[in-house]
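Chemist: Those sequence lines, one after another, are chains A and B.
Position 66 of the first sequence, counting from 1, maps to 286 under the numbering used here, and the rest follow consecutively.
Position 88 of the second sequence, counting from 1, maps to 308 under the numbering used here, and the rest follow consecutively.
Be aware that a few hints might be false.
Copies of the same chain look alike in the list, so a pair counts if it fits in one copy or across any two.
As the list claims (entries may be wrong) - Straight-line alpha carbon distances no greater than 30 Å define the calculated DSS-like cross-link-like pairs of lysine-lysine that follow:
1) K298 <-> K323
2) K266 <-> K323
3) K298 <-> K266
Keep in mind that the hints were calculated from the coordinates and are not lab data.
Residue strings, one per chain:
Number of protein chains: 2
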Amino acid sequence: MSQGGQSQSGQSLLFLTDEQVRKGIEAMFFAYRGFTADPDRILQTKAYGRAHHRAVHFIHRSPGTTVNNLLNILGVTKQSLNRVLRTLIADGLVSSTVGRADKRERHLHLTDVGAALERELSDAQRDRMRSAYRRAGPEAVAGFREVLEAMMDEDMRHHYVAIKDRTD
Amino acid sequence: MSQGGQSQSGQSLLFLTDEQVRKGIEAMFFAYRGFTADPDRILQTKAYGRAHHRAVHFIHRSPGTTVNNLLNILGVTKQSLNRVLRTLIADGLVSSTVGRADKRERHLHLTDVGAALERELSDAQRDRMRSAYRRAGPEAVAGFREVLEAMMDEDMRHHYVAIKDRTD
DNA sequence: CTTGGAATGTCAACAAAGCTGACGTATTGT
DNA sequence: ACAATACGTCAGCTTTGTTGACATTCCAAG
């Protein structure tokens, strides 16, 4: 099993050897560090962390989303998210309005100030992503997305696809 | 700028629109969660966390590595790593031996017990990676790795390439 | 209509794992 | 001899995750 790929005759399965797979694992590790490095640097100067970035990103992504919805997407506990949301609301970056249909729900929106922070953070991250895309080329990007999509949990793929297909 | 790609005439740059890039960002986020989910589940049952996994992985990867070397690869502070290393050594998963050439250095190795844990953790992660690879196919995997490599910081790419080119 | 359970969100207290800064020891090399 | 390096450790802080208790709101069964 440890040499599964190498015992295959064709080259088509060579990318499934333990060694190849391990390289992929380390590539994920190192790349994710680069992926978060730029926004992290910016957040450090302000009083926020990576969790704030995630919240702001997905509120920007799906304006009017509820706390529960965000909870499912982010995969954290209520309090973790709540602490972050509380500071964002207190600082006037996010607005929380009681639901009209269901008053238990709170609908979340970015304020102008929140949208400005979102742009600042995402621009840094997008720039790196964009330059990586440019270097690797369109076909590599397609493969990149295919593999990532196959790596997600079922539920998360659902969120991802649902978001991907949005047209508004 | 927000519609940069769409204002380009050719299709060759269409994958660089903000929307496309944002999809890539979310793909990274969701995929990384899947990527760490399986080992995290195992670690939860034992008394360890993700930090222990990383240490064990890279010690397995580069047996005899020094503390300093590990520090550079993992990108954390001495104290953070030391806390993890201390428990791993106390629990008999990692051995630390004084350097022969330079007695200031400590060379780290996995014990049999440590190697067993490494296998258990990595098997889960490798399985997911392998199945993602299989689903996406060799060309997608090549693209996947290209983009990830382009996304790393310079220093990390160095570590990655150095590791990639090892032949022992 | 009432009432009890389910769903949504808030708060308090705590744990894991990162960080900075300071300090001590052994070893190396100039 | 002395400065620099490699490692370990103490104290204290921040971010971000957890569990458990609680208030409010909705809905459906009696």
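Chemist: Please name the hints from earlier in the document that this structure breaks, with their numbers sorted from lowest to highest.
Modeler: Checked against the structure, the only hint that fails is number 2, while the rest are satisfied.
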